[in-house]
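J.: The lines below spell out each chain.
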Amino acid sequence: MKPIESTDDDRYPLLGEAGRRMLDFLREHLNAPIFRNQSGNRLDASDLAYVRREEAAVLTADTGWPCNGYPEWLDDFVAHCQKDVPYYRNHPFSTRFEALPTFSRADLSRDIAAFVPDPVSLERLINFQTTGTTGHPLVIASHPRVAAGYLAYHKRALRRFGVTLTAGRGDVGVVLIGFQQNCFTYISVTPSMDEAGLAKINLHPADWHDPADRARYLAALAPEVIAGDPLSFTELLAIAPELRPKALLSTSMTLLPGLRDTLSATFACPVLDLYSLNEAGPVAVFDPILDGHVLLQPKMFVEILDPAGNPVPTGERGEITLTGGFNFCLPLLRYRTGDFASLDFVRGEPLLRSLEGRACVRFRRPDGVWLNNIDVTHSLRPFPLARFSLHQRADSVFEFSVEGPAHALHDANNALARLLGPQAQIEPTPFPSNSSAKNLQYSSALPGPDS
Amino acid sequence: MNHEGPSLERLLRRLAETPDDFLTEPHTTSGKGIIHVAAVARDMLALHGIAAADLSTLDPDDSSSARRRAGVSLLLCWLLADSQLIAGKIQAPALVQLLIQGASELASQNGAARYREDFERREELVRFALARLDLRPSGESVAQAQDRLTALSSLERNRVLAASREAEARSRAIREALARKAAQESADKYTRE
Chain E
1 MKPIESTDDD
11 RYPLLGEAGR
21 RMLDFLREHL
31 NAPIFRNQSG
41 NRLDASDLAY
51 VRREEAAVLT
61 ADTGWPCNGY
71 PEWLDDFVAH
81 CQKDVPYYRN
91 HPFSTRFEAL
101 PTFSRADLSR
111 DIAAFVPDPV
121 SLERLINFQT
131 TGTTGHPLVI
141 ASHPRVAAGY
151 LAYHKRALRR
161 FGVTLTAGRG
171 DVGVVLIGFQ
181 QNCFTYISVT
191 PSMDEAGLAK
201 INLHPADWHD
211 PADRARYLAA
221 LAPEVIAGDP
231 LSFTELLAIA
241 PELRPKALLS
251 TSMTLLPGLR
261 DTLSATFACP
271 VLDLYSLNEA
281 GPVAVFDPIL
291 DGHVLLQPKM
301 FVEILDPAGN
311 PVPTGERGEI
321 TLTGGFNFCL
331 PLLRYRTGDF
341 ASLDFVRGEP
351 LLRSLEGRAC
361 VRFRRPDGVW
371 LNNIDVTHSL
381 RPFPLARFSL
391 HQRADSVFEF
401 SVEGPAHALH
411 DANNALARLL
421 GPQAQIEPTP
431 FPSNSSAKNL
441 QYSSALPGPD
451 S
Chain R
1001 MNHEGPSLER
1011 LLRRLAETPD
1021 DFLTEPHTTS
1031 GKGIIHVAAV
1041 ARDMLALHGI
1051 AAADLSTLDP
1061 DDSSSARRRA
1071 GVSLLLCWLL
1081 ADSQLIAGKI
1091 QAPALVQLLI
1101 QGASELASQN
1111 GAARYREDFE
1121 RREELVRFAL
1131 ARLDLRPSGE
1141 SVAQAQDRLT
1151 ALSSLERNRV
1161 LAASREAEAR
1171 SRAIREALAR
1181 KAAQESADKY
1191 TRE
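Listed in order, the protein sequences are those of chains E and R. The letter at position 278 of the first sequence is residue 278 when you use the numbering used here, and the numbering goes up by one with no holes. Adding 1000 to a residue's 1-based position in the second sequence gives its number in the numbering used here.
Heads up, some of the hints might be wrong.
[Unchecked claim] Cβ-Cβ distance ranges computed for the label pairs, FRET-style:
(1) R:SER1030 to E:ARG89: 42 to 50 angstroms
(2) E:GLY162 to R:GLN1091: 50 to 58 angstroms
(3) R:ASN1158 to E:ASN414: 47 to 55 angstroms
(4) R:VAL1160 to E:PHE345: 28 to 36 angstroms
(5) R:GLY1088 to E:THR166: 30 to 38 angstroms
(6) R:ILE1050 to E:PRO66: 33 to 41 angstroms
(7) R:ASN1002 to E:GLU356: 33 to 41 angstroms
(8) E:ASN413 to R:ARG1170: 30 to 38 angstroms
[Unchecked claim] Within a straight-line C-alpha distance of at most 20 angstroms, the following computed DMTMM-like cross-link-like pairs (lysine to aspartate or glutamate) qualify:
(9) E:LYS155 to E:ASP62
(10) R:LYS1181 to E:GLU316
(11) R:LYS1032 to R:GLU1004
(12) E:LYS83 to R:ASP1134
(13) E:LYS299 to E:ASP344
(14) E:LYS299 to E:ASP62
(15) R:LYS1032 to R:ASP1061
(16) R:LYS1181 to E:ASP9
(17) E:LYS83 to E:GLU72
(18) E:LYS83 to R:GLU1004
(19) E:LYS83 to R:ASP1021
(20) E:LYS155 to E:GLU54
(21) R:LYS1032 to R:GLU1017
(22) E:LYS83 to R:GLU1166
(23) R:LYS1181 to E:GLU123
(24) E:LYS299 to E:GLU54
(25) R:LYS1181 to E:ASP10
[Stated by the list, open to error] Derived coverage of chain E by chain R (criterion: at least 3 residues anywhere in the stretch with Cβ under 8 angstroms from a Cβ of chain R; other residues may be distant):
(26) 28–41
(27) 146–158
For the record, the hints were derived by calculation from the structure and aren't laboratory data. Think of the CB as a built atom: it goes at the ideal place given N, C-alpha and C, for glycine as much as any other residue.
With the rest of the complex left out, here is chain R (with noise of 0.2 angstroms):
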């Protein structure tokens, strides 16, 4: 969230104006449904002027889950292709990463309608998205953005969750390391101070 992304109305009022060809139900590696997304993904990484390699573990296979985070992918092609975010400069691989794991860990709450038409979830799924692009809404703090986030998202509260319970193991670990005796007996210095 280091960088101002575009306002948060702008994006909001995109992703409530998805044309509905981007809910259309997304093609599976079995030959079923319409829409490809890997396709629509690489025109949309275009635009961002990235020319992408592999996309193709976003086309979904046959099951629920994986057609729900295509779904999910898809909404999410359309917002990225926003001009101000591709003004942006965004890197490929927050791109990428964010088609994929992003659009996997928002399915596993909702689905890409749902993400669409309910008020609450469209900020979710535009704070989320932009967090994972190191972005926020203009106009709002890095301490704002964070903190309406973490209240809307509870894929964001569980993410800072771990985060702090990982932040932790590691910084008891440092504290036994520097306590053993072996660390305490320290190392030759030319000069002590």
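So that you can see chain E by itself, here it is in the shape it has in the complex (with noise of 0.2 angstroms):
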């Protein structure tokens, strides 16, 4: 077992000199934020010729399978969790698909290890954190190699856009913005593109020593990509509006074709709306074209399911169900996302239409200064809650919800409390029985509470 500790050498276990400089460049650039954390790739050698065998097989294999017909790849995925996966091993046994059980976030949220192949080696387990939107808190079992593999989804999205990623050595490859109270930030190289920086900064003014920094870093770096959200996109917008990415990633929250538009017409460049995972990594990206988000991993299967869990006829809409994906330390089998769409077939290729992510919220404090939902993630993210959602009532008094060790919830209440401001009426409210949906987490009935 590795030191506890990490090393730059975990961290950058190929870091050559065109690596170490960029790294300097990002940490000790004049403009340069607070970074409040530590990252890296985690890649050594055998790992990056793994990550570039992958991203060859993801750019040339088709996605998709006949429609009301199965992939290929299917059964022997379905024999490999059954095997090796503690949690899908006490399934009864079914040859039939649909009658293999489905499960959710919150069996996730109940316990991750289940869900971890036997043969994974424990030795380089690395994790993401999420509260997400369901109230579930999580933690999701990855490998570097799992993470860097993500680039080659976005590749793939990008090559329908006709974006061609070239960022090597001495560039910036790609930045990724937050705009929270509180954010995980840090700098680090990608060895798939010849050491090009990556760095992921908050647009917040508290993490930089001069809000005027935030442009200038930016225009220092001019990243080939920026990924960001629709809530740091919109402080994008305002800050730096003279940027020339080649693309906008979108992840986390549902982007409004307005707000797309506008980003793409301001930065010059197209706008991709990603609809992303933890749980899986990139699952489709939107195609204004087709009108639809279509699929971004060659083994992905996704089911649209009925409220009993039964598959409703294509064309119909219903909750997003995946089978499969590349993180080979959380094998997905019938996991139901709590994501919404209908299933379309547009020459042969399955395409997910008017798809319902996770929408933003933001709830207004009594001083007037507004919060995001992001923001009270954060405040409730040290304790161990088993769920928790936020309402905010049209006559401003807030409704929260949360179920969690009694002395979780004290701590949770005052946490929540002193975020809200000390004029702030929070009523403790019990979860409604029909509460599994993800957009119930947190909601606001005051007018203009969406971005």
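Take the two lone chains and join them into the complex the hints point to.
T.: Structure below.
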């Protein structure tokens, strides 16, 4: 087992001179923000070879399956799950795929260890933490190869928009932007792109010595791609409209067409609306010509299910349910995402229509300051809550529903009260019995809370 | 136990009617005893359409434990020659594993004669063998078959307990690995959800 604390050798095992210079540039730039965390690519030579092989396969393979049929790889995948994954081993045996049980985020939250296949070595396990919008805090088991694998799916998506990534030595490949009170920020390099730079920054002024540094730093980095969410891109519009990346990658929240068009016009580049989950990685990208999200993963089977778990006819709306994926630490067998769409086939290619992702919600404090739901999530992150939700009524009163150990409930209530301010009225509210859908975690009846 | 096999009654009857020849003292590597276990096993596997490679480990030495194991292997050979089992197209590795490892486990509890004569032990052997071949008696659910086997067999109870302990240890190790600071630092992705 490796030491508990990471070193730079762990974070960047393949770091060369160009990479070292890039890290220095990103960290020590005159206008650099306060980087609050550390991370790295963690890739060794065999990992890099694996990532390159996988990328080549992802860029050339077809996605999809015959309408009303199944992908060829499905039987082998189900057999692997039932043999090697403790959670699926307990499933009743069935030769009919639709008879296999489904599961949801709550099941992952309850015991993530049961989803890690027996053959997976634990030596290099990493995690991605998310509280998401379902109210089920989640730690996702993953691996550096999986994290690095995201890029292949982004390249596949970008290719659809005529964009080819070429960043290399001395360039900054991507800047990931957040706009939150608290944000995980760090710098790194991408070995598969000749150590092009990567920075994850927070546009919130609290993370900068001078708010004006934000535009200067971004201009100096001139990233090939900027990744963020509708909130952070809205801020980017205000502070650095002169940037000219090749593309913007939007994830995490619903990207409304109006904002997408504004972003595209301002930054003179395509804006990709990615449907991406911590549990599955980038699943699909919105194609405006087809008016739907096209799938990105060759080994991902998508079903649309009704509330009882039965597949709905092609074209009918239901819950997006995933099987497959490239995270070998978390194979998904009929995973109900909590997101909704209908499935269509265009020229034989499956397409998600009218995808309803997670909505962004803003809350107004009594002093008039607006907070977004991620700030609420962050304020509650330290506490071992089973689930929680927050609703602001039209009279500005907050209804807070939370479940967890007694001591955590007390601490969580105090943390929320600190975030919302001393004048805020917070009413403890039990969960409604039908509160499993994602969009129930955050809601507001105030005018103008959605961005 | 994922697949249905023959009925329990059919296999219990077959086992109860095991010819005495199959309870004859096994031929040992030093030349004692009569019946050549490896040869009988080869014939049984041939009925399943399997050309067995080296089965010499089935022939016991003179130790009592080895001879007892070989006796149980012989009994299993008779059971596994059932026509419905043959029609089930069982894979060679599962059959060979049952004749060697499975027989050894069974023999640690009882000898072949007891498995034929005693009703409960007979049922234990039949259910044990089916489970090792990923089969369950026809008409039973997986849960019913598992419950009945666990109730009958101390071997199965021990196996379930050991598997449960192993699973708990693995689960704990995963949680600890995910809680390490290095794991919490995570790794680069081009986007974050």
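J.: Taking the hints in turn, state whether each one holds.
T.: These are the hints, each one checked on the structure:
Checking the proposed 42 to 50 angstroms range against SER1030 of chain R and ARG89 of chain E shows it holds: the Cβ atoms sit about 44 angstroms from each other. For GLY162 of chain E paired with GLN1091 of chain R, a C-beta distance near 51 angstroms keeps the hint of 50 to 58 angstroms intact. Checked against the hint of 47 to 55 angstroms, the C-beta distance between ASN1158 of chain R and ASN414 of chain E comes to roughly 50 angstroms, which is consistent with it. Taken as a hint, the range 28 to 36 angstroms is violated for the pair VAL1160 of chain R and PHE345 of chain E, whose Cβ atoms sit roughly 46 angstroms apart.
Checked against the hint of 30 to 38 angstroms, the pair GLY1088 of chain R and THR166 of chain E fails, with Cβ atoms roughly 58 angstroms apart. Our hint of 33 to 41 angstroms for ILE1050 of chain R and PRO66 of chain E holds, since their Cβ atoms are close to 37 angstroms apart. The hinted range of 33 to 41 angstroms is satisfied by ASN1002 of chain R and GLU356 of chain E, whose Cβ atoms lie roughly 38 angstroms apart. Distance hint for ASN413 of chain E and ARG1170 of chain R: a CB-CB separation of about 36 angstroms, consistent with the stated range 30 to 38 angstroms.
Taking the CA atoms of LYS155 of chain E and ASP62 of chain E, the gap is about 14 angstroms. The hint holds against a cut of 20 angstroms. Using a Cα cut-off of 20 angstroms, the hinted pair LYS1181 of chain R and GLU316 of chain E is violated, with the two alpha carbons roughly 45 angstroms apart. For the given pair, LYS1032 of chain R sits about 40 angstroms from GLU1004 of chain R by alpha-carbon distance, which is inconsistent with the 20 angstroms threshold. Restraint check for LYS83 of chain E and ASP1134 of chain R: satisfied, since their Cα atoms lie roughly 12 angstroms apart, inside the 20 angstroms limit.
Restraint check for LYS299 of chain E and ASP344 of chain E: the C-alpha separation of about 18 angstroms stays at or below 20 angstroms, so the hint holds. Our distance criterion of 20 angstroms between C-alpha atoms is met by LYS299 of chain E and ASP62 of chain E, whose separation comes to about 9 angstroms. Between LYS1032 of chain R and ASP1061 of chain R, the direct Cα distance comes to roughly 9 angstroms. Compliance with the 20 angstroms bound is thereby established for this hinted pair. Taking the CA atoms of LYS1181 of chain R and ASP9 of chain E, the gap is near 15 angstroms; set against the 20 angstroms cutoff, the hint holds.
Distance restraint check for LYS83 of chain E and GLU72 of chain E: the Cα-Cα separation of roughly 19 angstroms lies within the 20 angstroms cut-off, and the hinted pair is therefore satisfied. Distance hint between LYS83 of chain E and GLU1004 of chain R is fulfilled; the C-alpha atoms sit about 18 angstroms from each other, no more than 20 angstroms. For the proposed pair LYS83 of chain E and ASP1021 of chain R, the alpha carbon gap of about 39 angstroms is over 20 angstroms, so the pair is violated. A hinted pair counts as satisfied when its Cα atoms are at most 20 angstroms apart, and LYS155 of chain E with GLU54 of chain E qualifies at roughly 12 angstroms.
Distance check on the hinted pair: LYS1032 of chain R and GLU1017 of chain R sit about 26 angstroms apart at the alpha-carbon level, beyond 20 angstroms; violated. Distance restraint check for LYS83 of chain E and GLU1166 of chain R: the Cα-Cα separation of roughly 16 angstroms lies within the 20 angstroms cut-off, and the hinted pair is therefore satisfied. Pair hint LYS1181 of chain R plus GLU123 of chain E holds up; C-alpha atoms about 13 angstroms apart against a cutoff of 20 angstroms. Pair hint LYS299 of chain E plus GLU54 of chain E holds up; C-alpha atoms about 12 angstroms apart against a cutoff of 20 angstroms.
Between LYS1181 of chain R and ASP10 of chain E the alpha-carbon distance is near 12 angstroms, which keeps this suggested pair within the 20 angstroms criterion. With a threshold of 8 angstroms between beta carbons, the proposed coverage of the stretch 28–41 of chain E by chain R holds, since 5 of its residues qualify and at least three are required. Counting residues of the stretch 146–158 of chain E whose C-beta sits closer than 8 angstroms to any C-beta of chain R gives 5, which meets the bar of three, so the coverage hint holds.
Taken one by one, the earlier hints fail for this structure at numbers 4, 5, 10, 11, 19, 21, listed in ascending order.
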